[in-house]
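Enquirer: What follows is each chain in one-letter form.
2 protein chains.
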Amino acid sequence: MIIEQLVRNSVAWLDSPAAHGVVVSTRARLARNISGFSFPPAAGEDDRKRLRQTLRSVFSDLKTVPDAVFVDLETIEAVDREVLKERRLISSELADRPEGSALVVAAEGRFAMMINEEDHLRLQSMVSGFHPEEVWQALDAVDTEIESRVEYAFSPELGYLTACPTNVGTGLRVSAMMHLPGLRLTEEVDSVVKGLNATGFEVRGLLGEGTAAYGNMFQVSNRASLGLSESDIVASLKRMVNDLTEHEMNARARLIEEDSLRLFDQVARSYAIVEHAGLLSSSEALDLLSALRLGREMGLVRGVSDSLINQVMLLTQPGHLQKDAGRSLESYERDQVRASSVRNRLRGMRLRPGVSGAGSDRL
Amino acid sequence: MIIEQLVRNSVAWLDSPAAHGVVVSTRARLARNISGFSFPPAAGEDDRKRLRQTLRSVFSDLKTVPDAVFVDLETIEAVDREVLKERRLISSELADRPEGSALVVAAEGRFAMMINEEDHLRLQSMVSGFHPEEVWQALDAVDTEIESRVEYAFSPELGYLTACPTNVGTGLRVSAMMHLPGLRLTEEVDSVVKGLNATGFEVRGLLGEGTAAYGNMFQVSNRASLGLSESDIVASLKRMVNDLTEHEMNARARLIEEDSLRLFDQVARSYAIVEHAGLLSSSEALDLLSALRLGREMGLVRGVSDSLINQVMLLTQPGHLQKDAGRSLESYERDQVRASSVRNRLRGMRLRPGVSGAGSDRL
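So the sequences go chain by chain: A and B.
Residues 1 to 363 in my numbering are what the first sequence lists, from first letter to last.
Residues 1001 to 1363 in my numbering are what the second sequence lists, from first letter to last.
Derived from the structure by calculation, the hints contain no laboratory data.
Certain hints may be false.
Stated by the list, open to error - Reference excerpt, derived from the structure (chain B facing chain A, CB under 7 Å, subset only):
#, residue
1, Asp1265
2, Ala1268
3, Ala1277
4, Leu1279
5, Glu1330
6, Asp1361
To be verified - Now the stretches of chain B that chain A is said to cover, found in silico as 3 or more residues with beta-carbon under 8 Å:
#, stretch
7, 1250 to 1264
8, 1338 to 1345
A quick note: this is a predicted structure, and the numbers were derived from the prediction, not measured.
Don't be surprised by glycine CBs; every beta carbon is placed ideally from N, CA and C.
Using the sequences and the hints, build the whole thing.
Expert: Quick look at the structure:
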């Protein structure tokens, strides 16, 4: 079944060897609406289904996404929607309101489109590492081809029209998923987030709007869409992400020079807990994996790769754990399975000698 | 030097083999004031010193405490006062206002008396385990002998007069230091504390009034002193402590039967952190040691004794760490020294097979 492949296969934007370092992945998304249909929040179920049917025929033979798969979301199980959400192929909103909605996915998840989310179309392109031009160009090609088949809601003054005014204009949002454990340890991350908010960027947690930055993962994106060209948006995000990456690397360098003990302590106790815990909550697991990912990048943890740690971050989310178990699991059971799963997947991991406090005791 | 012996020797009420299980130690204290002297909070420095001089001569030849040592608190170093406080021989208040104050100590710390704390005299008797009659009788004997030498402030209607009305009457407070990690894990401890407060008992943390219950250590004592005889006070504390001990043992039994995974998780991750941490705060160390003490009593941790764990709880307090290092240590340095010290002192500790999550993974 197509859905089984979708929820079981590896995640191109996360698992590839390029998904290491400070910027885990880059994503671009376009908000588009079709002329003559109500915006989804105002549309009845019949309207939503009629729109979905229209788009299904459009997507049956697009040249830019020849391998596109069309999934009516109410036809799949809740756990599969949860898995798609954890893979960032659909939003929480879509997972919670599947009736009349659809997901179109192609290129091993690098391209995805939600139908009848807040807008009729939410197209996204996502790759490992930091490649804002690439994701924008990939998206632009698909968008241009779709526009040759349907009439988008467009105003010559405002640009593309969207359900929420914040997206009017280009409808473009480019974001980077950044791993910032160094700035957390130097206690600079809160002021950095404040600074970003003040200068027109938005910072979200791992799973989008309103979620916490578990695992020190931050989604950073442009906020304004109106009055800027697509290339302005890409260029400003690029400058900001490069600055932020430099800040993070400086924080890591300072940690090693001035406070290596705190760094080693975090890495060693995270290692120890992973090795021994009987229960791990989702948020604790992400925080431990974040410390180990930092440790690996700084040469303190061996025998694992960033790609593997990224994968474990994903596979130990509640939806994935339950998909894997083949049944629904209570929170307590998930914590138990998660503790075993993290440990077993990271088997082979070890600390560089001297990183554990035990290695540096003066007897 | 006498003070060196006082702050270096083992602590009879804590280190003895009897200091295991739910009730770590029992303490009784009497508040007494001398007729014709202002209460200490109202007294000037000259008055305080005059009173101290009077008491010094009284204590030079008491038969009930023949080995009594008299220490003028302003003549010793701040770190030594800190150590005495951590050993529960003096209060925070006395440590902070040493001028004109004194500590009289005898019987390896089982008997102690503060001069010019809130009252002129605060006599205390402390032993390992739960022995409320014994501590009260020991104190009664000393008190009777002192009363044969000085005139206590006493009212035929009210009983012994004290600086704070809550102590008027017998001036007696009997308390038990209880280790309640089971009730913490079953999340019953807050309602238990509320219930105690509602029925005339007072619950304090490890280091007295206003301190938190770090390490799941709770000092439980009678609140009322007026209108009850000494034997009433002892009997009511005895009933309550026996009840509470049973509650704690029931909680532990339920943990093993119904939630052994959570118990094992706490013990195993505490073990792992102790083995690997580079930094340990005082409160975290107490919490880890509490889990290991519980683990030892339930047969999950081997190679250490309760007495050793009690000792480590004491020796890794800030004053003791600094006394041991022979110099003042910043908080960060203390956390480093504490991590090494806890690990080294517990060398030989090991988990029973199967307690670590790693031992129960189904591969």
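Enquirer: Flag every earlier hint the structure violates by its number, smallest first.
Expert: 5
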